[in-house]
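*Asks:* Chain residues, written in single-letter form:
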Amino acid sequence: MSVSFAVFAVLNIGFVLLVSPLFMSLIKIVKARAQGRRGPRLLQTYYNLAKLLRKETIYSPVSSWVMRATPYVCLSMAVVAALFVPLLYIPEPVAGFGNVILFLYLLGLARFFTALSGLDAGSTFGGMSSSRDMSLAAVIEPTSIVVMAALAVVARSLNFLEIARNNAGMLFPASATMILIGISLFIILVVETGRIPVDNPETHLELTMVHEGMVLEQSGRNLAMMEYAGAIKQTLFIAIMVSVLMPFGPVTELSAAGVLFAMGLFVVKGSVVSVILGLFESSIAKMRFFSLPNLFIIAYFFSVLTIFIEVFA
Amino acid sequence: MIEAPFVDGIVRFIFVAIVITAVFLISARSLPFLLQTYRLQSLLLAALAVAIFFAEGSTVLLWIAALTVASKVLVIPYFIGEIQERISIRRDLEFRYLAPASSILVSIALIVGVYLSLGNILSPVHADAEPIFFFGAVIGISLMLMGMLVLFSRKKAITKVLGYLSMENGVLIFGICVTELPFIMDVMIMIDLIILVLLTTILTVGIDSTIEVYEEKIRRYSLWNSLWKAREDAP
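Chains as they are written, first to last, in my numbering: chain A, 3 to 315; chain B, 792 to 1026.
What the hints contain is simulated information worked out from the structure, not anything from laboratory work. For every residue, glycine included, the Cβ atom is placed at its ideal position computed from N, Cα and C. Honestly, I wouldn't trust all of these hints.
[What the hints assert, rightly or not] Quick partial rundown of chain B residues pointing at chain A, CB under 10 Å, derived from the structure:
1) F797
2) G800
3) R803
4) F806
5) I895
6) L896
7) V903
8) N911
9) F926
[Said to hold, decoys possible] Under 8 Å between C-beta atoms, here's a sample of chain B residues computed to sit facing chain A:
10) F804
11) V807
12) V814
13) S818
14) L858
15) P891
16) A892
17) I899
18) I902
Here chain A stands alone, though its shape is the one from the complex (with noise of 0.2 Å):
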């Protein structure tokens, strides 16, 4: 591993995690504003996490090592996946780094301990939501490799890495299908992170409840640990998002300057795909669990459409 790797990994997952608990905050202020209510603090995510973590952390008698290791499991994984997406400072690819399809098999993996752990403490609304999440799971993941397959066709890489660089100081997305590839990532970012047509992440409604469901037993610091996963993950998404369809802003050469530029510009570009989302989430309603493919065919009919594109025209 080379040094500008080395620090690619400190700056990116620093940045990562610093700036995640934000953008959790500004849609809940976009959403709070859409609704006439004055929403939290700006900074209410940082304060919430602070709390949780000086909190106590109380396992149920029934549950097992799953339940322990799991906000552990989800942290890590996110962190890990915090190296595959270039937010400030592109390196160069090493080994394996950056690997589209590593990337989702390591959410992938947080997914299924997170289902576990819903499972693991044995109550009624955990297993609920666990077999939820998991019959959605068998739905969005052909949808997600068929998004990114097509990103890769794309963009002529599987490397996360290489695409940022190739689309390094480029004013607007290389071609056109690369908006198709946008409009995708967004319904896989809205799926992934549960956000509302597909899961309410606000309520503790049973009717409602996805992965709030699964993380209702946890508390304390494990909770602040899973709702900092959440927040890492939909930080990255916004981030492959940004670097389809605003790439410029990440410096390719290093110096201070650059990166702290990157860093103010990609703090900008999170907290445009933020408020949309939020306004995304008030314009429309919760949809019916059995109408999500509805959803999810919009994002597959243009993957495959791009690819399409791509290969023919």
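Since the structure of chain A is provided, determine the placement of chain B on it from the hints.
*Replies:* Below, chain B alone, put in the same frame as chain A:
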């Protein structure tokens, strides 16, 4: 004239946007949204004509763009909007044979099918020389077929009209990209469309219903009374 690669990029972008609108026409349920989508699609068509004008310089394209904006972006959506106001129905939830998900899958198959068959017909002339126009032809015919899909998968008459209108958009794309569509043809088609929409405006009595109920309504409002009588009297 503007550089070809730049125009190519814009034309590609417009094609992609047109496909996006087509997908929403197939799957959206809110009528005002459908109408806005149709309006956007027509605007994109006008933009396409202007973009190709910059590449080729034939003034007919500008006329087509102007006509498209006047009729399909302003007049026709205005009339349909009026109808919507009057029937005060905002959502079309009824699908006949295909739900949105399956019709989107069918449209993937349609596009691939169109590509393969057009590839055989046009390949020696167009496909290699001007891939962008070949792509346009594929999008045009696919849009036509997707409009047809809307026609037979939706139940409400007003959505069917939008499907028909988007079919015509497909014809226009094909005309712009592959053959030089005579301007007079375009005017004729436009007049046809306006008459179609006017007719539906006049017949608002039944436009909020399915075709089956439509007959009932015409009977109830005692339109064409004699016609029904004649049919019932027949052996």
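*Asks:* Would you settle whether the hint for B:I899 is holds or violated, based on the nearest Cβ-Cβ distance to chain A being less than 8 Å?
*Replies:* 5 Å, holds
*Asks:* So, as I understand it, the hint says B:V807 touches chain A; can you test that by seeing if any CB pair is closer than 8 Å?
*Replies:* It holds, given that the least Cβ distance between B:V807 and chain A is near 4 Å, below 8 Å.
*Asks:* At a threshold of 8 Å, is the proposed contact between B:A892 and chain A supported by beta-carbon distances?
*Replies:* 4 Å, holds
*Asks:* Can the hint on B:S818 be confirmed by a CB-to-CB distance to chain A that is less than 8 Å?
*Replies:* Status holds, d = 7 Å.
*Asks:* Against chain A, is B:F926 within 10 Å by beta-carbon distance?
*Replies:* With a closest approach of 4 Å, the B:F926 hint holds.
*Asks:* Quick check on the hint: B:F806 CB to chain A CB, less than 10 Å?
*Replies:* The hint holds - B:F806 has a Cβ within 10 Å of chain A, the shortest such distance being about 7 Å.
*Asks:* Is the interface hint satisfied for B:F797? The criterion is a beta-carbon contact with chain A at less than 10 Å.
*Replies:* Constraint on B:F797 not satisfied, violated at 12 Å.
*Asks:* Min Cβ distance, B:R803 to chain A: is it shorter than 10 Å?
*Replies:* Cβ of B:R803 sits 4 Å from chain A, so the hint holds.
*Asks:* For the restraint on B:L896, tell me whether the closest CB of chain A is nearer than 10 Å.
*Replies:* B:L896 check passes; min Cβ-Cβ to chain A is 7 Å, inside 10 Å.
*Asks:* Does B:G800 meet its interface restraint, that is, does its C-beta lie within less than 10 Å of any C-beta in chain A?
*Replies:* 7 Å, holds
*Asks:* Does B:L858 meet its interface restraint, that is, does its C-beta lie within less than 8 Å of any C-beta in chain A?
*Replies:* 26 Å, violated
*Asks:* So, as I understand it, the hint says B:V903 touches chain A; can you test that by seeing if any CB pair is closer than 10 Å?
*Replies:* Given a least distance of 7 Å, the restraint on B:V903 holds.
Checked against the numbered hints above, the structure violates hints 1, 8, 14; every other hint is satisfied.
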